[in-house]
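Visitor: Sequence:
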Amino acid sequence: MTQQRQMHLAGFFSAGNVTHAHGAWRHTDASNDFLSGKYYQHIARTLERGKFDLLFLPDGLAVEDSYGDNLDTGVGLGGQGAVALEPASVVATMAAVTEHLGLGATISATYYPPYHVARVFATLDQLSGGRVSWNVVTSLNDAEARNSGMDQHLEHDARYDRADEFLEAVKKLWNSWDEDALVLDKAAGVFTDPAKVHYVDHHGEWLNVRGPLQVPRSPQGEPVILQAGLSPRGRRFAGKWAEAVFSLAPNLEVMQATYQGIKAEVDAAGRDPDQTKIFTAVMPVLGESQAVAQERLEYLNSLVHPEVGLSTLSSHTGINLAAYPLDTPIKDILRDLQDRNVPTQLHMFAAATHSGKLTLAEMGRRYGTNVGFVPQWAGTGEQILDELIRHFEGGPPDGFIILPAFLPGSYDKFVNKVVPVLQDPGYFPTEYKGKPWPDHLGLGGPQLQGQPS
Numbered sequence: 000m001t002q003q004r005q006m007h008l009a010g011f012f013s014a015g016n017v018t019h020a021h022g023a024w025r026h027t028d029a030s031n032d033f034l035s036g037k038y039y040q041h042i043a044r045t046l047e048r049g050k051f052d053l054l055f056l057p058d059g060l061a062v063e064d065s066y067g068d069n070l071d072t073g074v075g076l077g078g079q080g081a082v083a084l085e086p087a088s089v090v091a092t093m094a095a096v097t098e099h100l101g102l103g104a105t106i107s108a109t110y111y112p113p114y115h116v117a118r119v120f121a122t123l124d125q126l127s128g129g130r131v132s133w134n135v136v137t138s139l140n141d142a143e144a145r146n147s148g149m150d151q152h153l154e155h156d157a158r159y160d161r162a163d164e165f166l167e168a169v170k171k172l173w174n175s176w177d178e179d180a181l182v183l184d185k186a187a188g189v190f191t192d193p194a195k196v197h198y199v200d201h202h203g204e205w206l207n208v209r210g211p212l213q214v215p216r217s218p219q220g221e222p223v224i225l226q227a228g229l230s231p232r233g234r235r236f237a238g239k240w241a242e243a244v245f246s247l248a249p250n251l252e253v254m255q256a257t258y259q260g261i262k263a264e265v266d267a268a269g270r271d272p273d274q275t276k277i278f279t280a281v282m283p284v285l286g287e288s289q290a291v292a293q294e295r296l297e298y299l300n301s302l303v304h305p306e307v308g309l310s311t312l313s314s315h316t317g318i319n320l321a322a323y324p325l326d327t328p329i330k331d332i333l334r335d336l337q338d339r340n341v342p343t344q345l346h347m348f349a350a351a352t353h354s355g356k357l358t359l360a361e362m363g364r365r366y367g368t369n370v371g372f373v374p375q376w377a378g379t380g381e382q383i384l385d386e387l388i389r390h391f392e393g394g395p396p397d398g399f400i401i402l403p404a405f406l407p408g409s410y411d412k413f414v415n416k417v418v419p420v421l422q423d424p425g426y427f428p429t430e431y432k433g434k435p436w437p438d439h440l441g442l443g444g445p446q447l448q449g450q451p452s
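Using numbering that gives the first Met the number 0, the first residue of the sequence shown is number 0, and each one after it goes up by one.
No wet-lab data here; the hints were simulated from the structure.
On a predicted model such as this, the values are computed, not experimentally measured, just so you know.
Treat the hints with care, as some may be off.
Quick list of in silico lysine to any residue cross-link-like pairs, SDA-like style, CA-CA up to 25 Å [as the list claims (entries may be wrong)]:
#1 Lys-412 with Thr-92
#2 Lys-412 with Asn-250
#3 Lys-185 with Asp-200
#4 Lys-330 with Lys-416
#5 Lys-50 with Gly-67
#6 Lys-262 with Glu-164
#7 Lys-50 with Asn-300
#8 Lys-416 with Trp-376
#9 Lys-262 with Met-6
#10 Lys-434 with Glu-98
#11 Lys-50 with Gly-220
#12 Lys-416 with Asn-300
#13 Lys-416 with Arg-48
#14 Lys-262 with Asp-273
#15 Lys-356 with Val-253
#16 Lys-195 with Gly-129
#17 Lys-412 with Thr-379
#18 Lys-432 with Gln-125
#19 Lys-432 with Pro-272
#20 Lys-416 with Arg-389
#21 Lys-330 with Gln-422
#22 Lys-432 with Arg-4
#23 Lys-432 with Pro-419
#24 Lys-50 with Gly-441
#25 Lys-412 with Gln-293
Turn these sequences into a full structure, and let the hints steer you where they fit.
Guide: Here's what the structure looks like:
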């Protein structure tokens, strides 16, 4: 009898006011207690109760101010990043109240030193008992550069070239302590075996790092690497390093193409494609009936101001869309920008929405509902189950990122209404497989000595 392929689930939400649904903070059932540690601990407990593989938190290092060259819209209307707590600190609060759930934090490989990043994740891995993952990003725009002591953001491909070397340096630091380096012989007064603690002496095109790390080898050795690149260069980076990839796709056809493309990059990098799990994002909205769920989805999307969506799109692309009247057809904007290197997000959104018939205001409202690409599924628990299984059995993905319509209630509803019916036919586990945590995700152990996992 063929064993049922296991579906993986991950939670993804900002440590702040909104994630992808830009009107979420206005929802009547939203808590808006996002400055409280108990808020995040409640979410973590809920996802662990639902046997989720992991949760991870995005991050950005600047408020949105590309739209209109000021912060009025992004901050005033509560856009992405208006409030953004430091994710590694939030992960630490969630680790304290969970035992099995994987915990991921985003830290930029462009604007943090490799020693700092290596120490943060080695520390979190120690404190969590080996459940931490690093979502590697290269950051978005000049606003983040200006908050990090630079005048201008690095060019796109150069950021990934630097990030390749950054990962090499971080992995060397993680492996600078042998597993048995810590001796702790009180009688003899021997704390470590210094022969088993190593300088890394990394000298590259972008970085110089001496080491060693001040944190002994962590339970995982090398925390799991997450990545979410959409561009060809980002996918190549994911193929080389990532053990889990977060993808955005508006439909099953794009999901399949994305899945196959990333798996091909993993294979081209000389790695086992089965050792990279690909998650695609969906946003379920639950109700006691299809009609109730659809009404709730329409209410959620009605809370989005079109300009808050445009603020995020401007930030994501570096294009000041406030330069155009709100009734401008998108096809005219794309024509105006045809001589510029238009970012991937704008092209993908235009293709996904057939945007030639859309105005800028309509585009802003749509982008503010789900950042343009995330399917919103309205239905009962059984109907959401059917959609998950249909997409899962369609080939890709290995699992799903469950995006909240609002917090914390969306995750409570999903765990109560969808997870039990997903477990019944055997698509989803009823218990964690135990430790080490990567075993639950279906990953093998890391390769050592700073080599790509």
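Visitor: Now, for every hint given, state plainly whether the structure supports it.
Guide: Now the hints, each set against the structure:
This hinted pair checks out: Lys-412 and Thr-92 have alpha carbons roughly 23 Å apart, not beyond 25 Å. For the hint pairing Lys-412 with Asn-250, the CA-to-CA distance comes to about 24 Å; that is within 25 Å, so the pair holds. With a C-alpha separation of about 31 Å, the suggested pairing of Lys-185 with Asp-200 is violated against the 25 Å cut-off. Only pairs whose Cα atoms come within 25 Å are accepted, and Lys-330 paired with Lys-416 is rejected, the gap being roughly 42 Å.
Distance hint between Lys-50 and Gly-67 is unfulfilled; the C-alpha atoms sit about 43 Å from each other, more than 25 Å. Distance restraint check for Lys-262 and Glu-164: the Cα-Cα separation of roughly 22 Å lies within the 25 Å cut-off, and the hinted pair is therefore satisfied. Proposed proximity of Lys-50 and Asn-300 is contradicted: the alpha carbons are some 29 Å apart, above 25 Å. About 14 Å separates the Cα atoms of Lys-416 and Trp-376, which keeps this hinted pair within 25 Å; it holds.
Of the supplied pair hints, the one linking Lys-262 and Met-6 holds, its CA atoms being roughly 17 Å apart against a limit of 25 Å. At most 25 Å may separate the alpha-carbon atoms for a hinted pair to count; Lys-434 and Glu-98 meet this at roughly 10 Å. A C-alpha spacing of about 24 Å is found between Lys-50 and Gly-220, which places the hinted pair at or below 25 Å, so the restraint holds. At roughly 22 Å between alpha-carbon atoms, Lys-416 and Asn-300 fall within 25 Å of each other, so this suggested pair holds.
Our distance criterion of 25 Å between C-alpha atoms is met by Lys-416 and Arg-48, whose separation comes to about 13 Å. For the suggested pair Lys-262 and Asp-273, the alpha carbons sit about 8 Å apart, so the restraint of at most 25 Å is met. Simply put, Lys-356 and Val-253 have alpha-carbon atoms about 21 Å apart, close enough for the 25 Å limit, and the pair holds. As the CA atoms of Lys-195 and Gly-129 are separated by approximately 21 Å, the hinted pair is consistent with the 25 Å bound.
Pair hint Lys-412 plus Thr-379 holds up; C-alpha atoms about 10 Å apart against a cutoff of 25 Å. Proximity of Lys-432 to Gln-125 is assessed by CA-CA distance (about 20 Å); at most 25 Å being required, the pair is judged to hold. This hinted pair checks out: Lys-432 and Pro-272 have alpha carbons roughly 22 Å apart, not beyond 25 Å. Among the hinted pairs, Lys-416 with Arg-389 is consistent with the structure: their alpha-carbon atoms are about 18 Å apart, no more than 25 Å.
A hinted pair counts as satisfied when its Cα atoms are at most 25 Å apart, and Lys-330 with Gln-422 does not qualify at roughly 45 Å. Between Lys-432 and Arg-4, the direct Cα distance comes to roughly 15 Å. Compliance with the 25 Å bound is thereby established for this hinted pair. Restraint check for Lys-432 and Pro-419: satisfied, since their Cα atoms lie roughly 17 Å apart, inside the 25 Å limit. Between the alpha carbons of Lys-50 and Gly-441 the distance comes to roughly 14 Å, so the proposed pair stays at or under 25 Å and holds.
At roughly 15 Å between alpha-carbon atoms, Lys-412 and Gln-293 fall within 25 Å of each other, so this suggested pair holds.
Of the numbered hints listed earlier, those contradicted by the structure are 3, 4, 5, 7 and 21.
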